[in-house]
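Novice: Listed below are the residues making up each chain.
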Amino acid sequence: MKEVPDAAVQKRIDASTMRLDRSGEKNLNPFDTHGIEAAMQIREGGAVEVDEIVAVTMGPESAVRALHKAVALGADRSVHLTDQELAGSDVCATGYALAKTLESEQPDLVLLGQQSDDGECYTIGAVVADHLKMPSLTQVIKIDISDGKLVCERQAEYGYDTVEVQLPAVISVGDAINEPRYPSLKAIMGAKKKPLETYATSDVGIEADSVGETGSKTQVLAVNPPPEKEAGEIIEDEDTNETVEKIVAWLDERKLI
Amino acid sequence: MAGILVYALHDDEGNFNKNSLGAISEAAKLAGELGTEAAAVVVGEVGDEACAALGAYGAGKVYRAKAAPEGLAQPVVDVMAKVIANEGFSYALFGGGLLGFEIGAGLTARLNAGVTMEVTEVKAQDGKLVAERPVLQDSAIVDVGYVGDPGIIIGRLNAFDATERDGGSAEVVDVEVELSEWSTKATMVNRGEQRGADVNIEDAEILVGGGRGLGEAANFKLAEELAAALGGAVAATRAVVDAGWYPYAAQIGQTGKTVAPKLYLAAGISGAIQHKVGMQSSENILAINKDQNAPIFEFCDLGVVGDLHKILPKLTEAIKAKKSG
Ligand SMILES: Cc1cc2nc3c(=O)[nH]c(=O)nc-3n(C[C@H](O)[C@H](O)[C@H](O)COP(=O)(O)OP(=O)(O)OC[C@H]3O[C@@H](n4cnc5c(N)ncnc54)[C@H](O)[C@@H]3O)c2cc1C
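Chains as they are written, first to last, in my numbering: chain F, 1 to 257; chain L, 258 to 582.
Hints are computed from structural coordinates only; laboratory data are not their basis. Small disclaimer: the values here were computed from a predicted structure and weren't measured.
Straight-line Cα separation of at most 27 Å, DSSO-like style, residue types lysine-lysine; simulated pairs:
{"hint": "1", "chain 1": "L", "residue 1": "K577", "chain 2": "F", "residue 2": "K246"}
{"hint": "2", "chain 1": "L", "residue 1": "K567", "chain 2": "L", "residue 2": "K547"}
{"hint": "3", "chain 1": "L", "residue 1": "K478", "chain 2": "L", "residue 2": "K571"}
{"hint": "4", "chain 1": "L", "residue 1": "K339", "chain 2": "F", "residue 2": "K133"}
{"hint": "5", "chain 1": "L", "residue 1": "K339", "chain 2": "L", "residue 2": "K286"}
{"hint": "6", "chain 1": "L", "residue 1": "K519", "chain 2": "F", "residue 2": "K229"}
{"hint": "7", "chain 1": "L", "residue 1": "K571", "chain 2": "L", "residue 2": "K547"}
{"hint": "8", "chain 1": "F", "residue 1": "K255", "chain 2": "L", "residue 2": "K478"}
{"hint": "9", "chain 1": "F", "residue 1": "K255", "chain 2": "L", "residue 2": "K571"}
{"hint": "10", "chain 1": "F", "residue 1": "K229", "chain 2": "L", "residue 2": "K547"}
Sample of chain F residues with no beta-carbon within 12 Å of chain L, all distances over it, derived:
{"hint": "11", "residue": "G45"}
{"hint": "12", "residue": "V54"}
{"hint": "13", "residue": "D83"}
{"hint": "14", "residue": "I188"}
{"hint": "15", "residue": "K193"}
{"hint": "16", "residue": "Y199"}
Beta-carbon label-pair distances, calculated as ranges:
{"hint": "17", "chain 1": "L", "residue 1": "K478", "chain 2": "F", "residue 2": "D239", "range": "24 to 30 Å"}
{"hint": "18", "chain 1": "F", "residue 1": "D144", "chain 2": "L", "residue 2": "G472", "range": "26 to 32 Å"}
{"hint": "19", "chain 1": "F", "residue 1": "D51", "chain 2": "L", "residue 2": "T441", "range": "22 to 28 Å"}
{"hint": "20", "chain 1": "F", "residue 1": "M18", "chain 2": "L", "residue 2": "A381", "range": "17 to 23 Å"}
{"hint": "21", "chain 1": "L", "residue 1": "V404", "chain 2": "F", "residue 2": "G46", "range": "45 to 51 Å"}
{"hint": "22", "chain 1": "L", "residue 1": "P570", "chain 2": "F", "residue 2": "A200", "range": "57 to 63 Å"}
{"hint": "23", "chain 1": "L", "residue 1": "G472", "chain 2": "F", "residue 2": "D76", "range": "30 to 36 Å"}
{"hint": "24", "chain 1": "F", "residue 1": "Q219", "chain 2": "L", "residue 2": "T515", "range": "33 to 39 Å"}
{"hint": "25", "chain 1": "L", "residue 1": "P570", "chain 2": "F", "residue 2": "M18", "range": "46 to 52 Å"}
{"hint": "26", "chain 1": "L", "residue 1": "G472", "chain 2": "F", "residue 2": "E238", "range": "19 to 25 Å"}
{"hint": "27", "chain 1": "L", "residue 1": "P570", "chain 2": "F", "residue 2": "Q10", "range": "32 to 38 Å"}
{"hint": "28", "chain 1": "F", "residue 1": "T17", "chain 2": "L", "residue 2": "P570", "range": "47 to 53 Å"}
{"hint": "29", "chain 1": "F", "residue 1": "Q219", "chain 2": "L", "residue 2": "A309", "range": "33 to 39 Å"}
Cβ coordinates follow ideal geometry from the N, Cα and C atoms, glycine included.
Chain F extracted, bound-state conformation (with noise of 0.2 Å):
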């Protein structure tokens, strides 16, 4: 799970620290939200046995947020890793970080969201499985569970692929894979309740020197405006009669009626 900043939150690049700007409204990363609701259903499958859904997150003290929401989503426990010294983790570190603390959990299964709304990397599913020496894929749009293996398709370079998985795994699923059921009123108020478990790096065998910025192989030079483009005409759509009669009178000016 991830903590990201609320979709309606105009997001920035903070100058000084060159890190995302993470102040104002969070939510918990809407394609987390697909990845409880693919462990709810295989659950509710019946092809295997699901002991628990633990949410795992890393992050600052308001991840816990994110935890009650994927609890309230159906997860029955979870678990924060929270840290200063995870402050400013790149692609790497974080991968290595959270691969730490699953690994204490002894998942059958990994499920993750493919993106983050934030940092939009496509990466971390494919990191932490080779930290945790799994089998992996990524961008997953279908599940199909049977003897103890995972049956999944997803789009790549040339048109769908069927993959087969031997559990343990590492899933990211993408968004068309589910729709992700609503928290009813008792699962929110609930969520508070529910176990949650806090971790530093050091409880689960972290090593500070490969996390942070310390332990970051890349290194932010530099954070540029994009260059400027030349904007198309935009029109609001107040009476849509008037909006029609625009947009006829545009595609009649080039010729395409």
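Starting from the known structure of chain F, arrange chain L with the ligand on it as the hints suggest.
Specialist: For chain L with the ligand alone, kept in the frame of chain F given last:
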């Protein structure tokens, strides 16, 4: 050697992927600036001639691992990690596309290395590479440098052009790799399946693209009626194709088709980069979207901020009236 290693993806007939060829060209250019060499990794049964032909794009050597399967990331991570360990490459470069993301990410973990994704440009600065990456829906561009070796660079789709240079033919070196135990635990059952009826969107001069803003599969008829009035065809985003609302054959973008019609009318499409790369060469782009901050408004010619459910039916009627009038 401190060179740049590129993964060259191919289809089941052994044709190399355009983005991979672009990555080789880019690597060769950068290697020239750094005073080093570019090389490629190929997995699966690809013939000597096809591998050697990568020399035309600038690969000096091609490391071929016949025993590793193509189409899955982890076996390629095993191969690339071994080649990098044996030959000491300083950078691994990937063209845009799903597998580049997965392989690059796996290598990051394996080699404890820095990675930058969605890279649009790479610069050589003081003997090192710096990657440019647009972030926050392209509202800022960060310059990323690497600490230690190797640096992993994953390109954005179509970021690097495939240009043939006068490189001649590459030397083909076969590598034997023992695959990691976990990379043998995923197996391809069926690769590259095409789904849905074959709609020929590539030939249409006018395309109405439908996105998730249409709300549900049944609403594609709004797009179909508009396309019929305009004398064009209907195309779709991956989000709706994945959701089963429309056939894959109509998908435009990174993992779909590339089109360049006279008119592309995007209805309820956000304009994500992976979609944009498939339609940005359209002569005229008209977008209807209710969110004024949708990225599509940054590159369309005419943008209409509004609800497509209100606009499309009236627009269809108006066009019909105009044509018959
Ligand atoms: C490796 C990879 C490859 C990909 N390849 C492709 C590809 O080939 N092609 C592709 O298209 N995508 C591809 N994608 C997915 C891409 O990133 C986007 O997720 C996708 O293009 C979004 O589709 P969309 O615009 O239909 O949906 P959304 O992003 O959900 O956008 C829907 C839009 O509709 C608007 N809307 C909603 N309701 C209304 C209304 N009533 N009236 C008007 N507007 C409304 C919303 O404001 C929103 O902007 C790929 C992604 C990855 C990671």
